[in-house]
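**Q** Since chain A is already given, all that's left is putting chain B on it; use the hints.
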Amino acid sequence: MTTLLDVENLWVRFPSRTGVFDAVRGISFSLGRERLGIVGESGSGKSLTGRAILRLIHKPGIVEADHIKLHGDNLLAKSEREMRAVRGEKISMVMQDPKFSLNPVMRVGDQIIEAYRLHAKASKAEAYRKSVEMLEAVSIRDADRVMKAYPHEMSGGMGQRIMIAMMLIPNPEILIADEPTSALDVSVQGQVLSIMDKLVKERGMGLIFISHDLNLVSQFCDRVLIMYAGRIVEVCDAAKLHEAKHPYTRGLLGSLPRFDEPRDRLQVLTRDPAWREAPSVEGRL
Amino acid sequence: MASTHYTPKRQPRLPLPSWLKGTLVTLASISVTMLGLLFVTFFIGRVMPIDPVLAVIGERATQDQYHAAYLELGLDRSLAVQFAYYVWDVLHGDFGMSLLTARPVSQDIARVFPATMELATIGIIFGIVLGVPLGVIAAVRRGSWIDQIARVVALVGYSMPIFWLGLMGLLLFYGILGWVGGPGRQGIFFEDTFPSITGMILVDAALARDWPAFKDAFSHIVLPASLLGYYSLAYISRMTRSFMLEQLSAEYVTTARVKGMSEWAVVWNHAFRNIRVQLITVIALSYAGLLEGSVLTEIIFSWPGIGNYITTALLSADMNAVLGGTVVVGLIFVCLNIFSDLLYKIFDPRSK
Numbered sequence: 001m002t003t004l005l006d007v008e009n010l011w012v013r014f015p016s017r018t019g020v021f022d023a024v025r026g027i028s029f030s031l032g033r034e035r036l037g038i039v040g041e042s043g044s045g046k047s048l049t050g051r052a053i054l055r056l057i058h059k060p061g062i063v064e065a066d067h068i069k070l071h072g073d074n075l076l077a078k079s080e081r082e083m084r085a086v087r088g089e090k091i092s093m094v095m096q097d098p099k100f101s102l103n104p105v106m107r108v109g110d111q112i113i114e115a116y117r118l119h120a121k122a123s124k125a126e127a128y129r130k131s132v133e134m135l136e137a138v139s140i141r142d143a144d145r146v147m148k149a150y151p152h153e154m155s156g157g158m159g160q161r162i163m164i165a166m167m168l169i170p171n172p173e174i175l176i177a178d179e180p181t182s183a184l185d186v187s188v189q190g191q192v193l194s195i196m197d198k199l200v201k202e203r204g205m206g207l208i209f210i211s212h213d214l215n216l217v218s219q220f221c222d223r224v225l226i227m228y229a230g231r232i233v234e235v236c237d238a239a240k241l242h243e244a245k246h247p248y249t250r251g252l253l254g255s256l257p258r259f260d261e262p263r264d265r266l267q268v269l270t271r272d273p274a275w276r277e278a279p280s281v282e283g284r285l
Numbered sequence: 001m002a003s004t005h006y007t008p009k010r011q012p013r014l015p016l017p018s019w020l021k022g023t024l025v026t027l028a029s030i031s032v033t034m035l036g037l038l039f040v041t042f043f044i045g046r047v048m049p050i051d052p053v054l055a056v057i058g059e060r061a062t063q064d065q066y067h068a069a070y071l072e073l074g075l076d077r078s079l080a081v082q083f084a085y086y087v088w089d090v091l092h093g094d095f096g097m098s099l100l101t102a103r104p105v106s107q108d109i110a111r112v113f114p115a116t117m118e119l120a121t122i123g124i125i126f127g128i129v130l131g132v133p134l135g136v137i138a139a140v141r142r143g144s145w146i147d148q149i150a151r152v153v154a155l156v157g158y159s160m161p162i163f164w165l166g167l168m169g170l171l172l173f174y175g176i177l178g179w180v181g182g183p184g185r186q187g188i189f190f191e192d193t194f195p196s197i198t199g200m201i202l203v204d205a206a207l208a209r210d211w212p213a214f215k216d217a218f219s220h221i222v223l224p225a226s227l228l229g230y231y232s233l234a235y236i237s238r239m240t241r242s243f244m245l246e247q248l249s250a251e252y253v254t255t256a257r258v259k260g261m262s263e264w265a266v267v268w269n270h271a272f273r274n275i276r277v278q279l280i281t282v283i284a285l286s287y288a289g290l291l292e293g294s295v296l297t298e299i300i301f302s303w304p305g306i307g308n309y310i311t312t313a314l315l316s317a318d319m320n321a322v323l324g325g326t327v328v329v330g331l332i333f334v335c336l337n338i339f340s341d342l343l344y345k346i347f348d349p350r351s352k
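Line by line, the protein sequences are chains A and B. In this text, residue positions in the first sequence follow my numbering: the first is 1, and each later residue adds one. In this text, residue positions in the second sequence follow my numbering: the first is 1, and each later residue adds one.
Extracted from the complex, chain A is given alone in its bound form (with noise of 0.2 Å):
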């Protein structure tokens, strides 16, 4: 498979009064055109890894790495203004909830069009042609209206819908969906989530998909990551997830309950401190 993107020895810092926090500790990985699954609990560095790829980590975060290299290009090395070629156009993110996530006072129209200008020379009658046709791609019925509505308007799943159009309008090659589905009712999660991976094969683009949720990342990727505390402690076969060998990925396996075998109590997760320190497994394809 051929290799999208390659990061070599990621780190994401946080300088504060008491020392610097590395949040991201010298995490290693390839995607192709695949999907690739980051799972971890809160604050194992799962989001800043998506962020850190676009270069969106606030300030005063730092990214370090080797490379990150986007066909062998590095974006470590390009400016804001190469940089902002890259957003939305190679590299695109779907965050966690459309509330929040789309702009409260714009059309909805208006927010997707402006995703699809920003790259391509088009006329505004043809973008918004280009818009419904997305938005009916997404399976939005009535993609008029809803170009014309607000975002409050619309409901969780469709808000999901609508941010999955703008973010492939300008027909991106990877896409970071971060908790996709977290924000979402159960009903609506399976629905979105197979939108978004007819498109992504559609358009042969690599995913990754980052979640908290075992039992989804190994039902819908083909690869998965596991990390714990800024680095990775696992990588496997999604279809083999609950092979994994890992103790702590055996742990959060453990912790979850399941319909064919009823328990009283569930396991609880006991940490290792040698896990914080074990090095980085490498996830190249």
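By construction, these hints were calculated from the structure, which means they are not laboratory data. Check each hint, because a few of them may be wrong.
[Stated by the list, open to error] Only pairs whose alpha carbons sit at most 27 Å apart, straight line, appear in this in silico DSSO-like list of lysine-lysine:
hint, chain 1, residue 1, chain 2, residue 2
1, A, LYS148, A, LYS124
2, B, LYS215, A, LYS148
3, A, LYS130, A, LYS148
4, A, LYS99, B, LYS345
5, A, LYS245, B, LYS21
6, A, LYS59, A, LYS130
7, A, LYS59, A, LYS121
8, A, LYS78, A, LYS59
9, A, LYS240, A, LYS99
Owing to the predicted nature of the structure, the values given are computational and were not obtained by experimental measurement.
**A** Frame of chain A, contents of chain B only:
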């Protein structure tokens, strides 16, 4: 058999279009607010330890004269009736006679209010044009030197007494440098050289195409207006900064960045759009505060505005003038509030 049908109570609906209904509701709320205001001003006038009769006829009048005036002023009637007459008069624009100027209070206000309005309007424009960008930049470049400068500028604006700044400004720019006109609204040679239409000298001079007079009036207004503008700038820039900081950490701003927008476009097209409603409130309140007439500024610059008028009237127990002025100021507040409500509806789709 008892009927157990549940019949929902229908709201009695008037067959009116929604815009008309909205207007009627607004008008009703204005009337209630204004009636409340009149009620308060009327009773303040009555509880003041000033005898309204003596204030009119003077200390040396005879008992008969006193009694005649007492009847003429309607003071023998019950308070409720008096209040009703008062409301009736006010509705007809009659606030009574001013003792000090011996003219109807309404005429006096029509004369002094444009002066204040001219000053306040230029002041608030100054405050918005400089304060909003300063606040936005301070938020975007948080912690940078420009943020520090904005902080000092605002701090000075908050904490310097205006009379001191006013006097120093006059001393420097008028007394020493001679860059601006002195106290008052215009130079003596320009008085009554063009027709007074709006009462605002800049506007009237411009209407008369009398540019030397316009220039003269501008040189008089520029110092007090920038002083007032500086105070609103301090307030507006601080508020803008904190509103912007809140928005800049919102997720939709990250979305805009992910799309590949320039920082400039992210700030103005996305974040700034979301603070407009809050900003309108701040600006409207600030403008209302200026329209009320800033007494100290008007006194230092001998500006014949409403602040100066009410204060002088108060100090000479000219209650009709004080109450009339208060009602007008109250009306301005109400109108500005309604105006900012209207703007909310335009700028925030969620408020519809």
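**Q** For A:LYS148 and A:LYS124, compute the direct alpha-carbon distance and say whether it is at most 27 Å.
**A** 14 Å, holds
**Q** Do the alpha carbons of A:LYS240 and A:LYS99 lie within 27 Å of each other, as the hint requires?
**A** This hinted pair is violated, its Cα atoms lying about 35 Å apart.
**Q** Does the alpha-carbon distance linking B:LYS215 and A:LYS148 stay inside the 27 Å limit?
**A** 49 Å, violated
**Q** A:LYS130 and A:LYS148: Cα distance at most 27 Å?
**A** 15 Å, holds
**Q** Hint check: A:LYS78 vs A:LYS59, CA-CA at most 27 Å. Holds or violated?
**A** Answer holds: A:LYS78 to A:LYS59 is near 18 Å, not above 27 Å.
**Q** Would you check the hint for A:LYS245 and B:LYS21, treating anything up to 27 Å between C-alpha atoms as holding?
**A** 69 Å, violated
**Q** Hey, A:LYS99 versus B:LYS345, does the alpha-carbon distance stay inside 27 Å?
**A** 20 Å, holds
**Q** Given the hint that A:LYS59 pairs with A:LYS121, does the C-alpha gap stay at or below 27 Å?
**A** The hint is violated at about 32 Å.
**Q** Check the hint pairing A:LYS59 with A:LYS130 against an upper bound of 27 Å on the C-alpha distance.
**A** Roughly 36 Å separates the two Cα atoms, so the pair is violated.
Hint check: violations occur at hints 2, 5, 6, 7 and 9; the rest are consistent with the structure.
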